[in-house]
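Chemist: One-letter residues, chain by chain:
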Amino acid sequence: MAEIRIENVAKTFGTFTAVKGVNFTVDHGSFFVILGPSGCGKTTTLRMIAGLELPTSGRILLDGEDVTGLRASARDIAFVFQLFALYPHMNVRENIGFPLKCQNFPRAEIRKSVEEAARLLRIDHLLDRRVGGLSGGDRQRVALGRAIVRRPKAFLMDEPLGALDSEFRRLMCGELRELHDRIDATSIYITHDQLEAMAMADTIAVMNGGRVEQIGTPQEIYDRPQSMFVADFIGAPPMSFLDVRTAPRRGDRVIWVDGARVEMPELFEDRTEGKFALGVRPENVSFADSSGLRGRVIGAEYLGTTQIVTVTTANGQLKARLPSAKSVQLGETVGLSLRPDRLSLFDSSSGRVLPSALHARGPHG
Amino acid sequence: MAEVALLDVSKRFGAVEAVRGLSLSIADGEFVVLLGPTGAGKTTTLRLIAGLERPETGRVMIRGRDVTKEVPAERDVAFVFQQYSLYPHLTVYDNLAFPLRSPARRMDEDFIRRRVQQVAELLHIEQKLANRATALSGGEMQRVAIGRALVREPAVYLMDEPLSSLDAKLRTELRLELKRIQRELGTTILYVTHDQIEAMTMADRIGVMNEGVLIQQGTPREIYEQPASAYVASRLGTPVINLIPAELVGGTATPPQARTAGLRTEHIRIFAGERPGPRARVHWVEHLGDQNHVHLKLDAHSLVTLADPAQDLKAGDEVSLEFAAPLYFDQAGNRIGNGGTPA
Chain A
1 MAEIRIENVA KTFGTFTAVK GVNFTVDHGS FFVILGPSGC GKTTTLRMIA GLELPTSGRI
61 LLDGEDVTGL RASARDIAFV FQLFALYPHM NVRENIGFPL KCQNFPRAEI RKSVEEAARL
121 LRIDHLLDRR VGGLSGGDRQ RVALGRAIVR RPKAFLMDEP LGALDSEFRR LMCGELRELH
181 DRIDATSIYI THDQLEAMAM ADTIAVMNGG RVEQIGTPQE IYDRPQSMFV ADFIGAPPMS
241 FLDVRTAPRR GDRVIWVDGA RVEMPELFED RTEGKFALGV RPENVSFADS SGLRGRVIGA
301 EYLGTTQIVT VTTANGQLKA RLPSAKSVQL GETVGLSLRP DRLSLFDSSS GRVLPSALHA
361 RGPHG
Chain B
1001 MAEVALLDVS KRFGAVEAVR GLSLSIADGE FVVLLGPTGA GKTTTLRLIA GLERPETGRV
1061 MIRGRDVTKE VPAERDVAFV FQQYSLYPHL TVYDNLAFPL RSPARRMDED FIRRRVQQVA
1121 ELLHIEQKLA NRATALSGGE MQRVAIGRAL VREPAVYLMD EPLSSLDAKL RTELRLELKR
1181 IQRELGTTIL YVTHDQIEAM TMADRIGVMN EGVLIQQGTP REIYEQPASA YVASRLGTPV
1241 INLIPAELVG GTATPPQART AGLRTEHIRI FAGERPGPRA RVHWVEHLGD QNHVHLKLDA
1301 HSLVTLADPA QDLKAGDEVS LEFAAPLYFD QAGNRIGNGG TPA
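In the order they appear, the protein sequences are chains A and B.
Numbering follows the numbering used here, in which position 201 of the first sequence is assigned residue number 201; successive positions increment by one, without gaps.
For any residue, its number in the numbering used here is found by taking its place in the second sequence, counting from 1, and adding 1000.
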């Protein structure tokens, strides 16, 4: 268990700034996910926490102790890489015990720690097997065993499931989270897969261009994105945006989208000019014949229980998640109803959300 | 006429039967997706069509011609691999033009220019033609890789998980584009994936494979609503279909041979109040953003369903369940009865 604090951490490689002044705190026992596209600085941030890179500026604190200048081996942290490498000539027991053997732990103690780690991962029946004959999942568990056997203060994981089948990934997500809870660990996990992040995290930090765009619980980030980037990065399919050309006023509960009246949460800011984007999630869109907001159906993707219907309007494209039983004709014109309490309005030029009754709630409002 | 037909094809590697007695026919302009886990024999099937592997038994037909013994170059196919392999020292334009300049084809440069331009527009990379291939983002590189197959007009495009190395957002975008391009050009595609969303959203027809065998083929809706077996049923749908002992469902509609009932979200109705019928407890609600999963405990069994946004359920809630037209499977896991067929 550990608390990890990152204060104004920046990292420059030559002329390229990979991380631009990042701040966050990972609480004791928390599962913290850094989510972002490739090149957003998430791996560099993690490597600095591990001690594999030195920050250009800023501080890193582990349980209150400044470890910024300490080498990786002097930090009590385990790093799990994207590709699990096992020693093929060793059996499961030797693979898991290897880090302890390297540190010259007494034999009896290694034996005890390895068996304990194996029990936690439910691979204690495999201890004397060679790793060559194991299934993919069991190999993954052995690699995890090697990380947890030292009982480090924190686990850092860099897309450990990236190379797996989607189905198997889902299973391992559940297992990793369960393992984290069972050993009372503090974990930082890096991924570009928003579903992994949503499924596992207590807290998500969304990174973009070397900065943290937003920090919050999965549901908060999903329901109240602070920027168009976050709104667009999270959700499958992501949030849709409609152009809004009239500047909103403080106290407005209605905005006009191409002559159609759309109710939304009360706005808390006056704007005199600019371009705006109304953001709506697919599950908050439904068809309503009477609505003035109209569009043409250009696509329907069947997903079993639900379907994703794409509609073009005069103000942009919109996706609706509807029950599959609803019959939808390509080319037909439909009226659209948007769930009022779940709409966000963004400033199109800065990409930031406008404060409103929806976005003022919660700790990050 | 079928563009590609596999007739009772088998292929083994040592002791492993990678493909067993597989028959599949792909019509002109059809988008067929082979779906299955790692090791199901999907890639081997593609390689057999491409001529990169020879079958032990069976025949491979392309446009009505028996190509079983032909080398890859003689077959009229284009292959897109999982990892984009571009020529790093060439521009995007030259990468796209490369297949047309091969000595076997030799087309005049005017034609090549028109064709490359056309494909680049289709893939929205026309602004990048002069760039070096290495100066592109991952998504652009994969577009170029797909484009390099598209410049040719083969009988069939064979695609082996071409989107799996991309991040989730790009994958979603390219999925839609690939389907659009296929529809616009009327091309014939055999596409291999383990991702059910890709299969459901792109395929005209899905073939579900496991352990070298093609278990079922049909439209996405057919496979989803009328799976041949419990195995197929569990391949499609999120959350995964719930399989519970048939007697727990109750009611009179349960066929006598039924051992297992398959319940998806659309088969389960949850009522907050007390009602006759099965009772369950809400174990937890998993927030996945748009997809909130409700985990229910029904006796010793867990059920996972998609949360209804209008219904506010919390962990610990006692609820009543009603099951509407579930799927039934017999001892061997094969589907029986008419459950799941749309009303």
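It is possible that some hints are incorrect.
Derived lysine-lysine pairs resembling BS3-like cross-links, with alpha carbons at most 30 angstroms apart [unchecked claim]: (1) K319(A) to K1314(B); (2) K153(A) to K112(A); (3) K1297(B) to K319(A); (4) K20(A) to K153(A); (5) K326(A) to K1169(B); (6) K319(A) to K1179(B).
No wet-lab data here; the hints were simulated from the structure.
Chemist: Would you mind marking each hint as holding or not holding in the structure?
Modeler: Okay, the hints, checked on the actual structure:
1. Between K319(A) and K1314(B), the direct Cα distance comes to roughly 29 angstroms. Compliance with the 30 angstroms bound is thereby established for this hinted pair.
2. Distance check on the hinted pair: K153(A) and K112(A) sit about 19 angstroms apart at the alpha-carbon level, within 30 angstroms; holds.
3. At roughly 34 angstroms between alpha-carbon atoms, K1297(B) and K319(A) are farther apart than 30 angstroms, so this suggested pair is violated.
4. Taking the CA atoms of K20(A) and K153(A), the gap is near 26 angstroms; set against the 30 angstroms cutoff, the hint holds.
5. A threshold of 30 angstroms between alpha carbons decides the hint, and for K326(A) with K1169(B) the separation of about 27 angstroms falls inside it, so the pair holds.
6. Proximity of K319(A) to K1179(B) is assessed by CA-CA distance (about 17 angstroms); at most 30 angstroms being required, the pair is judged to hold.
In the structure shown, a violation is registered for the earlier hint numbered 3 alone.
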